[in-house]
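In terms of the numbering used here, the sequence shown opens at residue 247 and continues consecutively.
Hints may be right or wrong, so weigh each one.
Cut-off 30 angstroms, straight-line C-alpha distance, at most; resulting in silico cross-link-like pairs (BS3-like, lysine-lysine) [stated by the list, open to error]:
id, residue 1, residue 2
1, LYS839, LYS630
2, LYS428, LYS487
3, LYS293, LYS583
4, LYS781, LYS429
So the derived label-pair ranges between C-beta atoms look like this [what the hints assert, rightly or not]:
id, residue 1, residue 2, range
5, ASN561, SER714, 34 to 40 angstroms
6, LYS324, LYS781, 43 to 49 angstroms
7, SER344, LEU885, 24 to 30 angstroms
8, TYR585, ASN473, 36 to 42 angstroms
9, LYS781, SER528, 21 to 27 angstroms
10, ARG508, ASN595, 18 to 24 angstroms
11, GLN889, GLU863, 54 to 60 angstroms
12, ASN509, GLY557, 19 to 25 angstroms
13, SER714, ALA490, 50 to 56 angstroms
14, GLY851, TYR659, 35 to 41 angstroms
Since the hints were derived computationally from the structure, they do not count as laboratory data.
No residue lacks a Cβ here, since even glycine has one placed at the ideal position from N, Cα and C.
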Amino acid sequence: AATPWLLLLCLILAAGGVLQARAQPDRFISVDCGLQGETGYTENTTKLSMAPDNGGFTDDAGTCHNISAEYVTPLMGKSWFNLRSFAAGTRNCYTLRSIVPGLKYLVRARFMYGNYDGLHRLPMFDLHIGVNFWRTVNISSPFAAKFVEVIVVVPDDYVQVCLINTGAGTPFISGLDLRPLKKTMYPQVTAAQGLVLLTRFNFGGDENTGIRYPDDPHDRMWFPWVNSSSWTEISTTRRVKYEADSPFEAPMAVMQTAIRPRNASHNIEFDWEPQPQANDPSPGYIIIMHFSELQLLPSNAVREFYINLNGKLLNRDVMRPPYLYGQASYNTFAIRKSYYIVSLNATANSTLPPIINALELFSVIPTTNLSTNSQDVSAILVIKAKYQVHKNWMGDPCGPGTVMVWDSLTCSYAIASPPRITRVDLSSRGLNGDISSSFANLKALQYLNLSNNNLVGSIPNVLSQLTSLTVLYGNNSDICTNGNSCQLPTKQRRSINNSVRPRNEMMTSYASGDDLYGDGSLRLESRQFTYEELKMITNNFERVLGRGGFGYVYDGFLEDGTQVAVKLRSHSSDQGDKEFLAEARILTQIHHKNLVTMIGYCKDGEYLALVYEYMSEGTLRSKLEGQCLSWRQRLRIALESAQGLEYLHKGCNPPLVHRDVKTTNILLNAKMEARIADFGLSKAFEGDNKHVSTTTLVGTPGYVDPEYQATMQATAKSDVYSFGVVLLEVVTGK
Numbered sequence: 247a248a249t250p251w252l253l254l255l256c257l258i259l260a261a262g263g264v265l266q267a268r269a270q271p272d273r274f275i276s277v278d279c280g281l282q283g284e285t286g287y288t289e290n291t292t293k294l295s296m297a298p299d300n301g302g303f304t305d306d307a308g309t310c311h312n313i314s315a316e317y318v319t320p321l322m323g324k325s326w327f328n329l330r331s332f333a334a335g336t337r338n339c340y341t342l343r344s345i346v347p348g349l350k351y352l353v354r355a356r357f358m359y360g361n362y363d364g365l366h367r368l369p370m371f372d373l374h375i376g377v378n379f380w381r382t383v384n385i386s387s388p389f390a391a392k393f394v395e396v397i398v399v400v401p402d403d404y405v406q407v408c409l410i411n412t413g414a415g416t417p418f419i420s421g422l423d424l425r426p427l428k429k430t431m432y433p434q435v436t437a438a439q440g441l442v443l444l445t446r447f448n449f450g451g452d453e454n455t456g457i458r459y460p461d462d463p464h465d466r467m468w469f470p471w472v473n474s475s476s477w478t479e480i481s482t483t484r485r486v487k488y489e490a491d492s493p494f495e496a497p498m499a500v501m502q503t504a505i506r507p508r509n510a511s512h513n514i515e516f517d518w519e520p521q522p523q524a525n526d527p528s529p530g531y532i533i534i535m536h537f538s539e540l541q542l543l544p545s546n547a548v549r550e551f552y553i554n555l556n557g558k559l560l561n562r563d564v565m566r567p568p569y570l571y572g573q574a575s576y577n578t579f580a581i582r583k584s585y586y587i588v589s590l591n592a593t594a595n596s597t598l599p600p601i602i603n604a605l606e607l608f609s610v611i612p613t614t615n616l617s618t619n620s621q622d623v624s625a626i627l628v629i630k631a632k633y634q635v636h637k638n639w640m641g642d643p644c645g646p647g648t649v650m651v652w653d654s655l656t657c658s659y660a661i662a663s664p665p666r667i668t669r670v671d672l673s674s675r676g677l678n679g680d681i682s683s684s685f686a687n688l689k690a691l692q693y694l695n696l697s698n699n700n701l702v703g704s705i706p707n708v709l710s711q712l713t714s715l716t717v718l719y720g721n722n723s724d725i726c727t728n729g730n731s732c733q734l735p736t737k738q739r740r741s742i743n744n745s746v747r748p749r750n751e752m753m754t755s756y757a758s759g760d761d762l763y764g765d766g767s768l769r770l771e772s773r774q775f776t777y778e779e780l781k782m783i784t785n786n787f788e789r790v791l792g793r794g795g796f797g798y799v800y801d802g803f804l805e806d807g808t809q810v811a812v813k814l815r816s817h818s819s820d821q822g823d824k825e826f827l828a829e830a831r832i833l834t835q836i837h838h839k840n841l842v843t844m845i846g847y848c849k850d851g852e853y854l855a856l857v858y859e860y861m862s863e864g865t866l867r868s869k870l871e872g873q874c875l876s877w878r879q880r881l882r883i884a885l886e887s888a889q890g891l892e893y894l895h896k897g898c899n900p901p902l903v904h905r906d907v908k909t910t911n912i913l914l915n916a917k918m919e920a921r922i923a924d925f926g927l928s929k930a931f932e933g934d935n936k937h938v939s940t941t942t943l944v945g946t947p948g949y950v951d952p953e954y955q956a957t958m959q960a961t962a963k964s965d966v967y968s969f970g971v972v973l974l975e976v977v978t979g980k
């Protein structure tokens, strides 16, 4: 099945006849690697949008090149003209973001060397998908157009494609595509196993035209295979359908053509040889064959056949292709042989020869390596962006294995658990600015060395949440330990160049709305945004996620690609500075996995806003109203919400009462993990009091504790009452 002209067909496919224009599908990502400038374009044949790769995909690593003019042909698509090469570093990665964790994705990389460097040195290098080996890319010719494709389950809301320099030439890449697939498709793909495409053939049809999007809504590439000396083509213009729940869904344009032996007494036969990889000397294969009867057979005609592999039945069932309906034959588990000969043999009862419409052939790769804990990754990426750390900080921070761990990091590894970052040594790196509170999100961190830099300000109080953390920050002359004032005398400044474990300082007024420092400042440890920055982050407040009493909540992206939610106070809102300051101060002091995380705030003139972590699944109420949650999901959401509430009541010092617990204030992330949100009405207990006295009743009707209504004294039990109402909604779905 390995045919030399397949590589040439890739070029023809990329510049084939004009196809019907169609809107860009959701979550399609198409990257033209090495494209200069910041403007993309529409690809001629598919009408898909091509994006330049300098928009946050690569952290500006690598260099852009054009292939040599002698390798440019009239049929060549624009996306083949340029590429990006990576001469520096062992590992360089592309990061594809804003995808759905747990779904299956087709990822396709494209390569054409074209003697871009004028050296006539054909490279060989490895590809990784996340922290797992994908395959070795061996460039065999300067004009060869090479496609490498894999189907995997992506565990996070991003996926990385990494080029690994193995010492056999400079890695490069011409293009990168990501396409979402239905969960029901390719059942052989699991969290522990991916499929690497060897070939995908459409039997019959125009030998010069491949099939992809829009004929295939998943944008798989189907290459024609025609052999007129051995096969006769069968075709139809009538609709050929696959059942809606089919695990493969070959497109109709592929299923409308088939082949049969030119000699009716012969079989259909094809073969291939194993392609061992360095880390997989005996690869396993999955073969998927597509069949449909395209001719309306007379009543006395029978077409049935067996499918054999190396002379033995591959499938015990006799294949009788249904008329104008697709049917697939495939193996569920990988097959490992020293050679492969597949033959379709007519049964003794058959009056007609066998047929086949299409074929897909995959090798199996393990995807059992675990990426670094997602919270650790998010935190270290914020730290990387803040301090502009480069070195080898590409790909996964802790792997795969200890060989590719980022410089200055130490990680811990446990069986069946994601690696955790335990040590960060950024001493003598010329760091500027304040100490990032994101270090506190590295929950397994035991050692942090920030000595010999140019850091200023105070050590964030939130670091005290990490009870086993040792912090070193010597020779940062403008670092101080007193959060209220950093203007320390010179003598005192010299005395703090030691090892320090930060202590947690009690916050005296969470929700008073008073100016605690007398100078109009919030003195919050999180990032402060300007209004103009918020406009850029939200693309001028383009997409509304929701609306509450405070104002609208907008979708946004930080400069490092992190998706966030921006809650902007409306001028017509009855919630003003007091609620804003309360929520901002509280969220800088409380940190728990079941409380929403505040990334920053804006207090820019009349504009007030809070910037939160993005919770892609919205509110618990919307999930209860719009979808059928399983009992396991409901139980988990209830438990996690209760844990967040317990932390407010017992884990905070002083304790807090939320005062507005309800299903719209419980948010869900992409993993359906629950976070309590909206602390604008929260109050701290003062002294030894077990209640908070108020002159105004707050909360939401239906959730408010009757005793609180009667006495105007809110207690922890008031929140528990409201949570009981939440539980009723969780149980009943109403």
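A quick look at each hint next to the structure:
no.	hint	result
1	LYS839 / LYS630	holds, 22 angstroms
2	LYS428 / LYS487	holds, 17 angstroms
3	LYS293 / LYS583	violated, 41 angstroms
4	LYS781 / LYS429	violated, 36 angstroms
5	ASN561 / SER714: 34 to 40 angstroms	violated, 57 angstroms
6	LYS324 / LYS781: 43 to 49 angstroms	violated, 33 angstroms
7	SER344 / LEU885: 24 to 30 angstroms	holds, 29 angstroms
8	TYR585 / ASN473: 36 to 42 angstroms	violated, 21 angstroms
9	LYS781 / SER528: 21 to 27 angstroms	violated, 57 angstroms
10	ARG508 / ASN595: 18 to 24 angstroms	holds, 22 angstroms
11	GLN889 / GLU863: 54 to 60 angstroms	violated, 18 angstroms
12	ASN509 / GLY557: 19 to 25 angstroms	holds, 20 angstroms
13	SER714 / ALA490: 50 to 56 angstroms	holds, 53 angstroms
14	GLY851 / TYR659: 35 to 41 angstroms	violated, 49 angstroms
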